[in-house]
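Top to bottom, those sequences are chains U and P.
With the working numbering, the residue at position 25 of the first sequence is 21, and numbering never jumps.
With the working numbering, the residue at position 30 of the second sequence is 26, and numbering never jumps.
Do not rely on the hints blindly, as some may be mistaken.
Same chains, same names: a pair is fine if it fits in one copy or spans any two.
Result set (SDA-like, lysine to any residue): computed pairs, CA atoms no more than 20 Å apart in a straight line [stated by the list, open to error]: (1) Lys68 - Ala3; (2) Lys52 - Lys179; (3) Lys6 - Asn33; (4) Lys117 - Ala3; (5) Lys20 - Asn51; (6) Lys52 - Gln113; (7) Lys179 - Glu192; (8) Lys68 - Asp58; (9) Lys20 - Asn178; (10) Lys52 - Asp81; (11) Lys20 - Thr40; (12) Lys68 - Arg125; (13) Lys179 - Ser126; (14) Lys179 - Phe46; (15) Lys176 - Leu19; (16) Lys20 - Arg44; (17) Lys176 - Pro135; (18) Lys193 - Asp58; (19) Lys176 - Val91; (20) Lys176 - Leu128.
In case anyone wonders, no lab produced these hints; they're calculated from the structure.
Number of protein chains: 2
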Amino acid sequence: MGTTAIAPWKQLLLNAMQSNSHLKHSSYFQLATIGINGRPANRTVVFRGFQDNTNKIQINTDSRTHKIEDLKQCPFGEVCWYFTDSWEQFRINCVVDVIDGSNPDPIKLQFCENALQQREKAWFASSPRSRLQYVGPYPGLPSISEQSSEESSLDDSTGPVDAFCLLVLNPEQVDYLNLKENKRVNFTARQSNESEKLWNSERINP
Amino acid sequence: MGTTAIAPWKQLLLNAMQSNSHLKHSSYFQLATIGINGRPANRTVVFRGFQDNTNKIQINTDSRTHKIEDLKQCPFGEVCWYFTDSWEQFRINCVVDVIDGSNPDPIKLQFCENALQQREKAWFASSPRSRLQYVGPYPGLPSISEQSSEESSLDDSTGPVDAFCLLVLNPEQVDYLNLKENKRVNFTARQSNESEKLWNSERINP
Chain U
-3 MGTTAIAPWK
7 QLLLNAMQSN
17 SHLKHSSYFQ
27 LATIGINGRP
37 ANRTVVFRGF
47 QDNTNKIQIN
57 TDSRTHKIED
67 LKQCPFGEVC
77 WYFTDSWEQF
87 RINCVVDVID
97 GSNPDPIKLQ
107 FCENALQQRE
117 KAWFASSPRS
127 RLQYVGPYPG
137 LPSISEQSSE
147 ESSLDDSTGP
157 VDAFCLLVLN
167 PEQVDYLNLK
177 ENKRVNFTAR
187 QSNESEKLWN
197 SERINP
Chain P
-3 MGTTAIAPWK
7 QLLLNAMQSN
17 SHLKHSSYFQ
27 LATIGINGRP
37 ANRTVVFRGF
47 QDNTNKIQIN
57 TDSRTHKIED
67 LKQCPFGEVC
77 WYFTDSWEQF
87 RINCVVDVID
97 GSNPDPIKLQ
107 FCENALQQRE
117 KAWFASSPRS
127 RLQYVGPYPG
137 LPSISEQSSE
147 ESSLDDSTGP
157 VDAFCLLVLN
167 PEQVDYLNLK
177 ENKRVNFTAR
187 QSNESEKLWN
197 SERINP
């Protein structure tokens, strides 16, 4: 059993991303949440990087999708990220912050001002084409016409629109499985002090 | 909106499996459940076919894994199956039957006798090598030595061991997304009569 201040699973994840980077889908993973009906929900999302120099994982999403309601009721998620070339799986249990464009809660004002900057940064980091989906038809509602987001347009300098939402996934437990080496390691955060989370790691049976 | 007695999403899924069959990982998908701690859980599993001529999806698992506890407490799951070559995603919300080797509940005896036959069939359909994992060290427990399932052996004619478990996923809702065609369809079972489930389908915004 080892203890270290730097998340030891993060280097494994960076290595896996590197060794699978020739595959476009290697930046996709599945995010499970609990639906407001109490049943599990699961969908593919796109990795948008770590937040600054932290272990927190960012994804972009549309605030009109069900996962936002899910997360506002139950803020936990589990990432399942399988790398098809290196046969490695990361199961990342996390607490998810939803950063939409709504007014920050005054109590969390300092955090939120920073968060809103992060949201703006994530918006401008995404391609003009992918930004257009956030002004398209309401996701999940019946298609009533052949409306297309192609008809919409956005100036490149326009900031994040209302539907644009940043999700920040804060890992608390990581289950790493390497099928080629038949090796599995469980990483658990010992302390949820934001500034310095301590991680235990333990080799477990696959 | 269309109504039909044959699950209309099943043909789409069979087509996707066919067009991605050159990729070994196309038979893998992610199954989300709700953990006994109330948080979502998510892992990669292997598709083992449909049960007979039904729409029910089979997977094999070890009865010593957490997902069995999860499912005994909350029998719902959501499959997220992303096909990396054709850019199609199936999100399949389902009720999961756990078929382990335990004595059948007398009330469900008729169902269970059939289920135990299914379990035996699934056991013999899996490779001798994959059967060995069920006599290996307890999954998820600390690795206490370099014990390996290689040391174990099983006669080819030996029936399912205690740890071998068949999961039967009974779909109730399917969300189909085709990213190449920018098309999304929601399929919902109108009736949970086992012998003939009726499905509605509706085109929705991606």
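To see whether the hints hold, each was checked on the structure:
For the homomeric pair Lys68 and Ala3, neither the shortest alpha-carbon distance inside one copy (27 Å) nor that between copies (33 Å) is at most 20 Å. When the C-alpha separation of Lys52 and Lys179 is checked against a cutoff of 20 Å, the pair qualifies neither within a copy, at 25 Å, nor between copies, at 32 Å. In this assembly of identical chains, the alpha carbons of Lys6 and Asn33 never lie at most 20 Å apart, being 33 Å within a copy and 25 Å across copies at closest. Taking identical chains as interchangeable, the C-alpha atoms of Lys117 and Ala3 are never at most 20 Å apart, the minima being 24 Å within one chain and 44 Å between chains.
Proximity of Lys20 to Asn51 under the C-alpha cut-off of 20 Å is found in neither arrangement, the shortest distances being 22 Å within a copy and 31 Å between copies. With identical chains, the CA atoms of Lys52 and Gln113 are at most 20 Å apart within one copy only, with a shortest distance of 16 Å there and 47 Å across copies. Taking CA atoms no more than 20 Å apart as the test, Lys179 paired with Glu192 passes in neither setting, with 27 Å inside one copy and 44 Å between copies. In this assembly of identical chains, the alpha carbons of Lys68 and Asp58 lie at most 20 Å apart only when taken from the same copy (14 Å versus 33 Å across copies).
Taking the closest pair of Cα atoms, Lys20 and Asn178 come within 20 Å of each other only across two copies (18 Å); inside a single copy the shortest separation is 25 Å, beyond that limit. Proximity of Lys52 and Asp81 under a CA criterion of 20 Å is satisfied in neither setting, with 24 Å inside one chain copy and 29 Å between copies. In this assembly of identical chains, the alpha carbons of Lys20 and Thr40 lie at most 20 Å apart whether taken from the same copy (13 Å) or from different copies (19 Å). Proximity of Lys68 and Arg125 under a CA criterion of 20 Å is satisfied in neither setting, with 28 Å inside one chain copy and 45 Å between copies.
In this assembly of identical chains, Lys179 and Ser126 lie within 20 Å of each other by CA distance solely across copies; the values are 16 Å between and 38 Å within a copy. For the identical chains of this complex, Lys179 and Phe46 are neighbours neither inside a copy (25 Å) nor across copies (30 Å), given an alpha-carbon limit of 20 Å. Taking identical chains as interchangeable, the C-alpha atoms of Lys176 and Leu19 lie at most 20 Å apart whether they share a chain (18 Å) or sit on different chains (17 Å). Proximity of Lys20 to Arg44 under the C-alpha cut-off of 20 Å is restricted to the intra-copy arrangement: shortest distance 13 Å within a copy versus 27 Å between copies.
In the homo-oligomer, the alpha carbons of Lys176 and Pro135 lie at most 20 Å apart only across protomers (17 Å), although the nearest pairing inside one protomer, at 39 Å, exceeds that limit. Within a single copy, Lys193 and Asp58 get their C-alpha atoms no closer than 30 Å, and across copies no closer than 33 Å, so neither meets the 20 Å cut-off. With identical chains, the CA atoms of Lys176 and Val91 are never at most 20 Å apart, being 30 Å at best within one copy and 32 Å at best between copies. Taking the closest pair of Cα atoms, Lys176 and Leu128 come within 20 Å of each other only across two copies (16 Å); inside a single copy the shortest separation is 41 Å, beyond that limit.
Violated hints for the displayed structure, listed by number in ascending order: 1, 2, 3, 4, 5, 7, 10, 12, 14, 18 and 19.
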